[in-house]
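Peer 1: Line by line, the protein sequences are chains V and C. Take the first sequence: its position 300, counting from 1, is numbered 300 in the numbering used here, and each next residue is one higher. Take the second sequence: its position 196, counting from 1, is numbered 196 in the numbering used here, and each next residue is one higher.
Bear in mind the hints are in silico, worked out from the structure with no lab data behind them.
EDC-like, lysine to aspartate or glutamate: derived pairs with alpha carbons at most 20 Å apart:
#1 K85(V) / D256(C)
#2 K85(V) / E6(C)
#3 K236(V) / D216(V)
One-letter residues, chain by chain:
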Amino acid sequence: MSLFTVAGMRMLADVAISLRQVTKRYGDITAVDRLDLDVPEGICLGLLGPNGAGKSTTMRLLTAQSLADEGEISVLGLPLPQESKRARALMGVVPQLDNLDEELTARENLEVFAHLYRVPRAGRRAAVDRALAIAQLTDRAGTRTVKLSGGMRRRLLIARGLVHEPRLVLLDEPTVGLDPQVRQELWSLVARLRDEGVTTLMSTHYIEEAERLADDCALMSHGTVVARGTPARLVKEYAGASVQEHYVPAERLAEIERLAAASGIPTRRTGPSVSVLKAEQLGEGLRAELGEPSVRRPANLEDVFVVLTGENVE
Amino acid sequence: MSSLLEWAPVRAVWRREVALYRRYWASTSFAAVSEPTIYLLAFGYGFGSVVGELYGYDYKEFVATGVVATAVLFIGAFGGMFNTFIRRTFQHTYDAMLAAPVDVHELVTAEASWLAAKAGVYGCAPVLVGMAFGLDPSWGMLLVPFIGFLTGLAFALFGVWVSAIVPSINTFDYVITGLLTPMFMVAGTFFPVTQLPAWAATAAWFNPLFHCVELVRGAVFGRLGIDDLVHVGVLVLFAAVMWGLAVWKMRARLID
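Make a model of the complete structure from these sequences and hints.
Peer 2: Laid out in structure tokens, this is it:
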């Protein structure tokens with residue numbers, strides 16, 4: 001490869017991930033539907049959406065473990081699937097499902113992936129030590145994985161995807177099913193990646209995770225991105241500044257929804273109550289008709305999530 | 001996408017196998033040595049006392065060489081079937097590997113060649129046990145690991161292919177009882193195929209294991225000739241066809 005193409009690729013690679021009108025079908029189901037998504041280098045993009053929105057399929061498309069039916073995909077300037085092997089060498093992938101080798105020690109798990117990711121022999125030992133430190137498992141290096149706790153295993157899984165110091169990391173639901181304490185730990189790990197300038201694509205259905213970690217969020221529903229922006233901008237645009245919650249009998253819930261809808265104000269059910277979004281935009285008349293709310297609170301990303309992806313999950 | 005076969009990913013997959021092997025080498029080695037010992041005791045002494053000699057060979061020697069083929073078959077085919085199925089469906093190991101710069105044909109080649117190497121090494125165990133029972137050492141014995149490797153490779157690839165086409169792990173019962181058991185009985189392992197009716201003797205020629213047995217006996221008893229290249233050819237062809245099928249079906253299962 002000449003220096004000229006290296007320079008050219010670097011320019012192209014300012015966009016770390018690019019999907020153009022990508023469609024992926026499984027039989028009658030369209031998992032990803034004319035998806036457009038760009039991830040600039042150096043940011044953490046939160047891919048939000050309910051189960052079945054197409055987040056995991058999008059992740060698999062990026063490693064060419066799924067092949068798109070239509071559209072164009074490139075990763076770090078490399079077109080997929082033709083150049084997928086080179087792209088995979090530059091990427092770290094942390095799967096949703098724990099697929100560590102239970103019989104192997106923490107160190108051995110990392111060593112295997114240092115080989116798979118072709119870390120040169122001279123730097124292999126250091127790379128594995130570094131990954132152990134990231135996972136905070138330096139003193140458990142010789143412990144078989146089956147004996148590690150859930151949180152330790154998840155840290156090891158993340159460190160395994162970082163053993164070759166990738167420029168781009170795909171995190172698929174990194175904290176699903178973990179204790180709040182463990183999630184905190186993992187969040188600081190992900191935040192550190194971003195500080196180091198590693199591009200991160202993180203799928204999640206935990207709103208708080210996206211709010212805390214993502215520079216930018218893409219909200220997916222039915223295989224495509226329905227909203228994109230910083231968490232703050234999305235909240236402002238789709239849920240306004242404040243929300244008022246009404247805890248009232250069932251008939252009244254429906255009535256409040258109807259009244260708000262007539263004035264173009266979004267609402268969503270919050271368990272036994274109904275939340276009226278963009279409450280600061282309510283007119284005097286409507287405000288009076290709705291009555292005094294039980295709770296006033298700031299709008300949040302969860303409001304946006306539910307409003308845009310629907311109340312009912314298939 | 002994937003045309004070349006790179007050495008680095010194959011070696012990396014082997015690296016994992018070596019790490020796992022450190023955990024189970026003792027049990028595998030125990031089985032590899034005790035199984036032919038049992039066969040030799042049971043068939044060699046039990047059956048051998050009735051049979052005595054077969055084509056000028058002591059029956060124990062006949063069995064010791066035949067059991068090389070069964071050892072190789074079981075290591076290759078069972079490893080290919082069970083390990084591959086479990087790693088693909090239950091452990092999701094292959095999903096993790098294919099997210100790294102490894103392609104399906106490299107993964108299949110690595111898994112099968114590792115099993116082949118094990119078959120080559122453990123295929124020697126019956127010969128060593130046979131020597132303990134009085135089999136005379138010969139230079140030709142040094143070829144046994146290579147014959148074991150080639151046969152083991154073919155059957156490992158067969159196993160990988162089968163693992164990718166079965167709907168569930170229970171389906172292996174049909175393959176084992178319906179295909180592998182008759183295969184290892186009618187390969188000249190415990191009795192010569194020439195004793196069989198003509199049609200069965202002909203059928204044996206289509207049994208890859210028969211060619212393995214012929215090569216092992218030829219090597220151990222020092223009567224290999226140029227004609228025996230036919231057996232090598234059959235095994236190479238079998239391995240090549242199975243490689244194609246295994247890669248094709250594994251790709252269909254792993255890349256959607």
